[in-house]
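Q: What follows is the residue order along each chain.
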Amino acid sequence: MNATAGFAALAAVAAATALIGFYGLRISRTTSDFYVASRTVKPWLNASAIGGEYLSAASFLGIAGLVMVSGLDALWFPIGYTAGYLMLLLFVAAPLRRSGAYTIPDFAQARLDSTAARSVTSVLVVVVGWFYIVPQLHGAALTIRTTTGLPAWVGSVAVVAVVVLTVATGGMRSITFVQAFQYWLKLTALGVPAIFLVLQVSGPGAPVPSAEAAAMVWGGSGGSPYRTLSLLAALLFGTLGLPHVLVRFYTNPDGSAARRTTLIVLGLLGLFYIFPTILGVLGRLFLPELVAAGGADAVVLLLPGRLVGGTAGELLSALVIAGAFAAFLSTTSGLVVSLAGVISQDLLGGSVRGFRWAAVLSAVVPLAVALGTQSLGLAGSVGLVFAFTASTVCPMLVLGIWWRGLTDAGAIAGMVAGGTLCGGAILLGPRLHAGDPGYELLSQPAAWTVPVAFAVMVLVSRATAHRQGAGTARFMTRLHVPERPLSPGKPR
Amino acid sequence: MTVPGQDAPEPPQRVRVEAPRRLANAAPVRASVAQEVSEHSQVGEVFVRSLIRSQLRLAAVVAGAFALVLAGCWLLATLLPGLLEVRLGGIPLPWLVLGVGIYPVVCLCAWLFVRAAARNEARYLDLVGEK
Numbered sequence: 001m002n003a004t005a006g007f008a009a010l011a012a013v014a015a016a017t018a019l020i021g022f023y024g025l026r027i028s029r030t031t032s033d034f035y036v037a038s039r040t041v042k043p044w045l046n047a048s049a050i051g052g053e054y055l056s057a058a059s060f061l062g063i064a065g066l067v068m069v070s071g072l073d074a075l076w077f078p079i080g081y082t083a084g085y086l087m088l089l090l091f092v093a094a095p096l097r098r099s100g101a102y103t104i105p106d107f108a109q110a111r112l113d114s115t116a117a118r119s120v121t122s123v124l125v126v127v128v129g130w131f132y133i134v135p136q137l138h139g140a141a142l143t144i145r146t147t148t149g150l151p152a153w154v155g156s157v158a159v160v161a162v163v164v165l166t167v168a169t170g171g172m173r174s175i176t177f178v179q180a181f182q183y184w185l186k187l188t189a190l191g192v193p194a195i196f197l198v199l200q201v202s203g204p205g206a207p208v209p210s211a212e213a214a215a216m217v218w219g220g221s222g223g224s225p226y227r228t229l230s231l232l233a234a235l236l237f238g239t240l241g242l243p244h245v246l247v248r249f250y251t252n253p254d255g256s257a258a259r260r261t262t263l264i265v266l267g268l269l270g271l272f273y274i275f276p277t278i279l280g281v282l283g284r285l286f287l288p289e290l291v292a293a294g295g296a297d298a299v300v301l302l303l304p305g306r307l308v309g310g311t312a313g314e315l316l317s318a319l320v321i322a323g324a325f326a327a328f329l330s331t332t333s334g335l336v337v338s339l340a341g342v343i344s345q346d347l348l349g350g351s352v353r354g355f356r357w358a359a360v361l362s363a364v365v366p367l368a369v370a371l372g373t374q375s376l377g378l379a380g381s382v383g384l385v386f387a388f389t390a391s392t393v394c395p396m397l398v399l400g401i402w403w404r405g406l407t408d409a410g411a412i413a414g415m416v417a418g419g420t421l422c423g424g425a426i427l428l429g430p431r432l433h434a435g436d437p438g439y440e441l442l443s444q445p446a447a448w449t450v451p452v453a454f455a456v457m458v459l460v461s462r463a464t465a466h467r468q469g470a471g472t473a474r475f476m477t478r479l480h481v482p483e484r485p486l487s488p489g490k491p492r
Numbered sequence: 001m002t003v004p005g006q007d008a009p010e011p012p013q014r015v016r017v018e019a020p021r022r023l024a025n026a027a028p029v030r031a032s033v034a035q036e037v038s039e040h041s042q043v044g045e046v047f048v049r050s051l052i053r054s055q056l057r058l059a060a061v062v063a064g065a066f067a068l069v070l071a072g073c074w075l076l077a078t079l080l081p082g083l084l085e086v087r088l089g090g091i092p093l094p095w096l097v098l099g100v101g102i103y104p105v106v107c108l109c110a111w112l113f114v115r116a117a118a119r120n121e122a123r124y125l126d127l128v129g130e131k
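Protein sequence lines correspond, in order, to chains A and B. Using the numbering used here, you'd call the opening residue of the first sequence number 1 and step up by one each time. Using the numbering used here, you'd call the opening residue of the second sequence number 1 and step up by one each time.
It is worth saying that the hints were derived from the structure and are not from the lab. Even for Gly, the Cβ is constructed at its ideal location relative to N, Cα and C. One should not assume that every hint holds.
[Unchecked claim] Example chain A residues on the side facing chain B (calculated, C-beta under 7 Å, incomplete):
hint, residue
1, Ile79
2, Leu90
3, Val127
4, Phe131
5, Ala215
6, Ser224
7, Arg227
8, Gly267
9, Thr373
10, Trp448
11, Pro451
12, His480
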C-alpha cells in the first residue's frame, strides 16, 4: 500500500480534530451557562457525539476482524454493543441525568453518602478507563504498521500525543462538535468503501474469490452457548458503567431528553454496525489468508487496496485510515477527559493544573501497557473490559438507582468481589488453553461474575441495613421524579 | 454558533469553572410548595414509590421481551443450521437477521420504552397536581 495515503489521512484527521476542537464553537460562557450549557445541545448533535465517542477501535477494526475469524458468531458483538445502549436507556439514562452527578464516583458518593464508596468507585473507573484505552492504542499501532510501514509504536505514541495535547491545553472546548464530527466521519469511512466494494464485486469484471473461500464464507465457528451468553451479559451490562458515557449524558437538558438522545444513539449504532459486517464478509471472501497470519483486525484497512487498486483504491484506503484514527482519537480523548476528571478530583485537589497532570497520567499509563503487550484481537480485549465494568460499576449503578436498600458497605463489598473475581479471571484466562478445565469460565467470565457481584451487594446491604443513608429517600425522589417544566427566563 | 472573528453582540464574560465538582449536587433546584409538600409527606412518598415501581416494572418488561427476542434468534441460528441454506438475495437468513434485522427491533423496544416512561411520568405529575 502507498504510505502517502496513510500519512495524508492521519494528518487530515488530526488537523480537522484540532480545528473543530479549537474553533468549532466558541460561545462565551458564564458559570451558570456551564452547568446548563446542555440546553443548547440538540438531541441529534448530542447523539452523534455519543456515537462518535462510543465507536472505538473494537467497532471500527475489531468487528470486521472477528467476522473474518468466527463468522456468524461474531455478529453477537455488534448486537451486544448496541443493546448495551438499550440497557442504558432502560435502567440508567434518565435517573443518572437527574442525579446531578458528573462522574460515576460523584454518583456513588451522592447516593451512598460515603467517601469510601467514592474512592473504591474511583479506583475501578480509572482501571476500566486504562484498560479500555489499551486496545485503542493497539489498534493505532496496527493501523500504522499496516498502512505506512513505520514501526508499530509510532501509532500508539501519535494517538497519545494528540490526545494529551488537545485535552491538556483545553482544546476540547467544543468536544461535542468534535465527537459528533467523528461519528459521521467513521460512518462515511466504513459505509462508502463497503458500498463501493459490494458494487465492485457484484459488477462485471469482478475479482473472483477462490473456490475454497467461497465455500466457507457463510460458515460459523460453532462457539459454545456459554461463551455467547457470557459475552452478551458482559456487553449488555458493561455499557452502563463505562466512564466516558455518563459525562456525555450530562449535556442533555433533562431526563426525558436523555432518553430521546439514547433512542437516536441506538439508530446511529445500528446503522453503523451493518458496514463492518459487510466488510468482514468481503474479507472472508477475498483475504482469507489474513486469519492464519493473525492479522484479521487489519482487514478493513487492506480490502480497498486489494479489491479496487489504482487511485480509487488509494482514496478509499485513505478514507478508511482516516476513520480508524477518528475512532482511536475520539474514544481515547473521551476516556482521558473523564479519567483526568476523576484522578484530578480525587488525588490532586481539583485544580486546573492538577487536571493537566491527570490527563498526562491517564494517557501515559495505558501507553506503557500497550507498548509492552501484544494485541489479542481488538474486539475480544474490549469485550473483557466490558465484563469488568459489568461486574463492578454496573451493579452499583443499577441497585443504587432502583433499590433503596443499597448501603455503602454493600456497594463496596459487591464491587470488590466482582472486581477481584473478574479481574482474576481476565488475568488467568489467557494462561489456559482451550480444553483446560475452567477455560470457558475464565476466558469469558461475565456470566458468573455479574450475578455474584449483584448477590454480594444485595446480601451485604441486607446485613448492614442500619447503615442506610438518611438522605436516601430524598435522593431517590430526585432520580425518578420528572423535572418541572422550565419557566423561560428563570434559572433553575 | 458564532463564527470567530465576526462581531457578535457583546457576549457575557467567559468564566473558568473550577469549583470542586462534588459540590455540583448542591445546585439549587426550584420546587413549588405543592411539590415539596407532596414529595416529603407520607402521601407524597407513596406517589414517588409507585412511580419508581412502575418505571422499574416497565424497564424489566422491555428488557425481558428483548432478551426473549435474542434467545429466539440464538436458538434459530444454532438449532436450525438448515436455515443457512435459506437465502434472500444470496445472503443466508441467519446472517440477515443477526447482521441487520435485529437493529430495528432494538430501536422499536427503545421507542416503546421512551413513550411509556414519559406516560408514567405524566401520570405522576397529574397525581401530585402539577401540569
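Q: When the hints from earlier in the document are held up against this structure, which numbers fail?
A: Failing hints, ascending: 3, 4, 5, 6, 7, 9, 10, 11.
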